[in-house]
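Chains as they are written, first to last, in this note's numbering: chain A, 1 to 396; chain B, 1 to 396; chain C, 1 to 396; chain D, 1 to 396.
Hints listed in this document are in silico derivations from the structure and should not be mistaken for laboratory results.
Backbone N, C-alpha and C fix where the C-beta goes; we use that ideal spot for every residue, glycine too.
The reader is advised that the hints may include incorrect statements.
[Said to hold, decoys possible] Listed next, the in silico EDC-like pairs over lysine to aspartate or glutamate satisfying Cα-Cα at most 16 Å (straight line):
1) A:121 / D:372
2) D:67 / D:27
3) D:393 / C:324
4) A:387 / C:372
5) C:387 / A:372
6) A:191 / A:171
7) B:196 / B:169
[Unchecked claim] Where chain C lies over chain D, by a calculated footprint (3+ residues, C-beta under 8 Å):
8) 124 to 134
9) 159 to 167
10) 221 to 229
11) 253 to 264
12) 310 to 323
4 protein chains.
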Amino acid sequence: MLQYVTAGESHGKGIVVVIRGFPSNMEVDLDFINEELARRQRGFGSGPRMDMEKDRVEVLSGIRFCKTIGSPIAILVENKDYQNWLDIMTPEGSPPPDYNPVTIPRPGHADLAGLIKYRFKDIRNVIERASARETVGRVVAGAFAKIFLRYFGVSVGGFVESIGGVRAEGDLTFSEKVARASNSLLRTFDKKQEEKMISLIEKAKEEGDTLGGTFVVGASGLIPGLGSYTEAELRLDSQIAGALMSIPGIKGVEIGEGFLSAQKRGSEVHDAIFYDSLQEGFPFVRRSCYSGGLEGGVTWGDFLWVRCAMKPIPTLRKGLPSVDLSTLEEVPARFERSDVCAVPRALVVAESVLAFVLAQSYYRKFGGDAIEETLEAYQNYQQYISKFAGRQKGRG
Amino acid sequence: MLQYVTAGESHGKGIVVVIRGFPSNMEVDLDFINEELARRQRGFGSGPRMDMEKDRVEVLSGIRFCKTIGSPIAILVENKDYQNWLDIMTPEGSPPPDYNPVTIPRPGHADLAGLIKYRFKDIRNVIERASARETVGRVVAGAFAKIFLRYFGVSVGGFVESIGGVRAEGDLTFSEKVARASNSLLRTFDKKQEEKMISLIEKAKEEGDTLGGTFVVGASGLIPGLGSYTEAELRLDSQIAGALMSIPGIKGVEIGEGFLSAQKRGSEVHDAIFYDSLQEGFPFVRRSCYSGGLEGGVTWGDFLWVRCAMKPIPTLRKGLPSVDLSTLEEVPARFERSDVCAVPRALVVAESVLAFVLAQSYYRKFGGDAIEETLEAYQNYQQYISKFAGRQKGRG
Amino acid sequence: MLQYVTAGESHGKGIVVVIRGFPSNMEVDLDFINEELARRQRGFGSGPRMDMEKDRVEVLSGIRFCKTIGSPIAILVENKDYQNWLDIMTPEGSPPPDYNPVTIPRPGHADLAGLIKYRFKDIRNVIERASARETVGRVVAGAFAKIFLRYFGVSVGGFVESIGGVRAEGDLTFSEKVARASNSLLRTFDKKQEEKMISLIEKAKEEGDTLGGTFVVGASGLIPGLGSYTEAELRLDSQIAGALMSIPGIKGVEIGEGFLSAQKRGSEVHDAIFYDSLQEGFPFVRRSCYSGGLEGGVTWGDFLWVRCAMKPIPTLRKGLPSVDLSTLEEVPARFERSDVCAVPRALVVAESVLAFVLAQSYYRKFGGDAIEETLEAYQNYQQYISKFAGRQKGRG
Amino acid sequence: MLQYVTAGESHGKGIVVVIRGFPSNMEVDLDFINEELARRQRGFGSGPRMDMEKDRVEVLSGIRFCKTIGSPIAILVENKDYQNWLDIMTPEGSPPPDYNPVTIPRPGHADLAGLIKYRFKDIRNVIERASARETVGRVVAGAFAKIFLRYFGVSVGGFVESIGGVRAEGDLTFSEKVARASNSLLRTFDKKQEEKMISLIEKAKEEGDTLGGTFVVGASGLIPGLGSYTEAELRLDSQIAGALMSIPGIKGVEIGEGFLSAQKRGSEVHDAIFYDSLQEGFPFVRRSCYSGGLEGGVTWGDFLWVRCAMKPIPTLRKGLPSVDLSTLEEVPARFERSDVCAVPRALVVAESVLAFVLAQSYYRKFGGDAIEETLEAYQNYQQYISKFAGRQKGRG
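So that you can see chain A by itself, here it is in the shape it has in the complex:
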């Protein structure tokens, strides 16, 4: 089974990813993966840390001469400032004599609950892992997934839709929005609204505040029949929602126009099925996509899209009301270097997470130990699909 695990603290040695299950002989373009890491780092409103790091993958295993060899792929992305944190983050020894543990939990973070759960005395132990730095690992895994998906003609993308309540507007297709967003500072498609978003971010920054927003991620070139309705855990909508909700800061996920469709009638929001005899391959087409391309937890093929809500970053320069656990006095939460608005960067993480779920669903369907084998199975399916309509006719 295709899966990955990440490890690593925010100011430790680095972030480790181990990916298991990719077939052998897959061509791996490390430049692409590094570029994905760079995309994750860029983003208007990024904090100063972004300047100092240039994340790069170091391959520890699983790749030889730019190809996967079927063995687990281990990647290390070093934390460039580890040396500065060594005395505080060392696995060995004991804390320096002048070290002050973190004792003021930040609302909106796992700080307080984490301290209790793991019986720590120092919130630093929580902060270091409950950190957006961990998403480096997900972007690496997602970059591999994107490479894998390309073999099947699938591309994954997205765009920011709103920040702090300011919404991008425009009657464009999904791919037009993605294209415009890719050249945009805030990864959004509406130049005019983007300016308002920027002002809002700058104002929030001045005032020591933070902002959230919404974004859309999707994929095109999909086959019908990914995921399954037969078991709850095989439903692709469930897997996607679970994966996206695990990204730090994400508090809402809807498949297509989820919350809107809850206000409508069935006749308004279900995507009618049409037959287009001129359509090559798969002639059953839709002229709307309220469903996000998923019905009963299964892709209808071609396209899927999902919207996420990200809360404002909970580390504020003007600290939120909190309590110092060492005195039990009410004090403002401490500030630890942080962005003002992480929505454009979270979009890159969400793309990665979506890409990995889709890669899993392709792999689950087609199997194969070598990419050639997986592709043969995929081509069989494509052929079957292209003959499907003809075969069904006259059967009933």
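Following the hints, position chains B, C and D against chain A.
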């Protein structure tokens, strides 16, 4: 590990649930489980099928003299109308000579993609499993979870918040809303708006249309520290979102005020931490709950809540545009007996699904082969929590 | 993923099996499955229970008109004597007033440790699940696996090799041994030694004692490349050993001549590779099979074999020394109806267990939602294999 | 859940281990882990590679100031000779112009099947992962497990019992044998037979041959009730057999006297239960241990033991008959630097693997996020056990 699997077709022999991992010696009240099944069946706007079935659990294994014995629990809930469907749903033999396979897929259902994926000739094979009937199994598993959670003082509940865009209003606490909803036809807390919802449903019914809506589910009495920030798949928000999104018809999930908080500033939506020395047990309190009670994927204790969006039922009396696969002609989708609005009933399923995820998180934390052992570990933790504030003080 | 779970107590309602992951459109011959259950029941030295039961599968889900439909398959095999045990095994109510809990643990069973682990007062709760009756579920799952494997030309079989130290002898091939064993009372291939085994069993029976033995299970028609060396848990030898060792009574597993090869030199026990240009398909042949057909955890193709050691049944008519927990006095262990020698019957269970592991390894390699799709992938691989030698030549 | 994954090639950058699920606040002694790695490296008959490497763990994550922090633990053990292999093992670029892929598969290795499975042209891709070097990762994980088990008073050890058919003899207890073995060149307990084993190894070496052997691993200080009879995959015997059989070269596993007991009568091999009122804690004692301490897949407490058979190393200086795939000519298999007899070193790996399975079984039973919490649950159980006999009495 605590887990369950369901099996069974909508008009087959019945729905089977196998639940693994509950500790032994847990007292099982079968009447309560049957009452949960009854709650699932009730609901204004339910279709005629509801009248004819009285779902009841038949214990096949794992319980002796009203107690769990540590072995897998298998439950069968028979489909009361199986005999009427026997010639069409039999595992043996072949279809009756006059049998017409289903060849018109319904938009919004897995019908078309399912047919393709599994290479069927008869959409009946899809319909039978991609059916809300399967949620019987989830309610059974959820009822066991509720029984388990009671040992820890946790209760799970919810209410309908809107139907077809008509929203219940009222400045009430969560538990007040749950209490009022439990006596309401539509499981909502606002009598006045409920009447409007009912009119809406009746109108939709007349017109052969369907309606969706939103509901909230939550739990109280929780300990802090359920879930974990250390790995994506251990985050409770991820598990909850994945589980709720797997319920048929659910298209959106937000943890607390997820989508609203994406429009706000950090200073407005993060729930400040206060210290209340008079509070027994755990003195770190919140005066708001935008976060839904989950920070960094971990419970802060006491309370959590989540909102779901349900699309209108995709089986409409006035069939949506579709295609007859046997002729490739565009025809209205066929109607198969169905409700107009399943939101109040889906709420019961969502409670069940949430309860099971929470039960898993308790069990993961406390382990134990017998319920007495699990409870001892829980009591240790309660004691630790109650001394936590005192111990922290003076440490920093 | 292909997997199954069993539930059910020895004298409860029955044994339930839920199998998940088989592709759709697989033809299911229920008579074959019932015949496998009958094979499990037969066996010289079987206890009286065997006469009264005729195990038969009842399909609860997942099969329609003799074909799988991709949904979970649930099967119930009723316990024919449940009615006689109803007052003692009922999920409801309380024990009858005259009921005496079982308080004397049997050495060699889970009785004592189970009672402690699950904090029971009645060993009956252990006995009922820690019973060979559970293997009914494994035989059902294994029968499905055998049906699946037939699509790939794989057959699974085995034979008893020794009972109570009496060994069958004969210079025969594996398939000859399997063929002879299938017509033999004790499922062994050596008529003469079988007579001695029978005498031994009869003598043991007279004396209230029990006997164990060894058997071999294997499969032919396999492709090379099942399992993998890349991860411990993907190794087929590991999966096979884990699965076989989970059968009640099995205390030893060796892959091929495992324990013998530990006494030999490398030059004596590694199976040399030869090239046979006349061999169709896969021309790299072996002339010995010490390795059992598994190297580095991977099949070399064609054939694999494994040997198991089964201990004597631990329920003896002449009770072993034990302690009555209600008095703490040393007493003989109680006797609960039991066989004298279960080796021939365990062989059937082991075949089933092996078949399921092999089915998993085929499914992991070829994927597919419908059996047609799985077969297409298999045929691709067969074609690749047949050209493999030619393609390799001249490459180095 | 407690689990680990390894990655890394034999001549790549190093071996990576990611361990998930250990509770926080566990004290980690890195010197102990390095010493375990050193034990794995030492061993009479080790090849020359052993001299040049000094394996040492580099902590990448999960440990701070010598304590676990609940986050995944990532460890890198560098391969000291990576620089010499860089042009051949680099993840980037292409093979050097003069590079000759490996084209002669070694019998007894995954070489041929691996090449086919993953559609390689170069057996090097197989050799690198299907290598005993991977066991470095298992020893690291096992060292953590041993550290964890110490909290519960459990120690794991073992000894070599035979090499090339020469058996150590001596009427000693398990712990005496372990003690003697720890000071012995071949990790065996019988000085006299060890000399014979050494001669045998030297002779094999001279003749370009290899040797296998058997060893015993076990644990003492165990609680009763680890593992479970309720499900096949929860049985501890199954887990242990699966884990041990996944060690390269292991071809046989028996729980206690598995194969011997298959030749005996029930009355001879089942370990009678006695009551010893003077025994503190758990008064139900055994005076034999044929069962290996596992009945019905569950520990009886105190002690368990298992025997493994290791085949001779399949890389022989005098190459076994094989085929050059680039010419299809029959040639001797190539030699790649290798030991003559790896049995004493495999023993260390087996201890590690056993330790990890036992750690999992403790963690499954007691849960806990911090080691303090796990220990509290353990102490509850110990207390329950110590009162068990008294409570049972008079109950029946």
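Against the structure, the hints come out as follows:
For the proposed pair residue 121 of chain A and residue 372 of chain D, the alpha carbon gap of about 13 Å is at most 16 Å, so the pair holds. Of the pairs offered as hints, the one joining residue 67 of chain D and residue 27 of chain D holds, with about 5 Å between alpha carbons and a cut-off of 16 Å not exceeded. For a cut-off of 16 Å, the pair hint linking residue 393 of chain D to residue 324 of chain C stands: about 9 Å separates their Cα positions. A C-alpha spacing of about 15 Å is found between residue 387 of chain A and residue 372 of chain C, which places the hinted pair at or below 16 Å, so the restraint holds.
As the CA atoms of residue 387 of chain C and residue 372 of chain A are separated by approximately 15 Å, the hinted pair is consistent with the 16 Å bound. For the hint pairing residue 191 of chain A with residue 171 of chain A, the CA-to-CA distance comes to about 13 Å; that is within 16 Å, so the pair holds. Between residue 196 of chain B and residue 169 of chain B, the direct Cα distance comes to roughly 12 Å. Compliance with the 16 Å bound is thereby established for this hinted pair. Evaluation of the coverage hint for the region 124 to 134 of chain D: fulfilled, as 3 residues show C-beta separations to chain C shorter than 8 Å, against a requirement of three.
Three residues within the 8 Å Cβ limit are the bar, and the region 159 to 167 of chain D against chain C gives 3, so the coverage statement holds. Here the region 221 to 229 of chain D counts 4 residues with a CB under 8 Å from a CB of chain C, which clears the bar of 3, and the coverage holds. With 11 residues having a Cβ less than 8 Å from any Cβ of chain C, the region 253 to 264 of chain D passes the three-residue criterion, so the hint holds. Coverage of the region 310 to 323 of chain D by chain C holds [criterion: at least 3 residues with CB-CB distance below 8 Å; count 11].
Violated hints: none; the structure is consistent with every hint.
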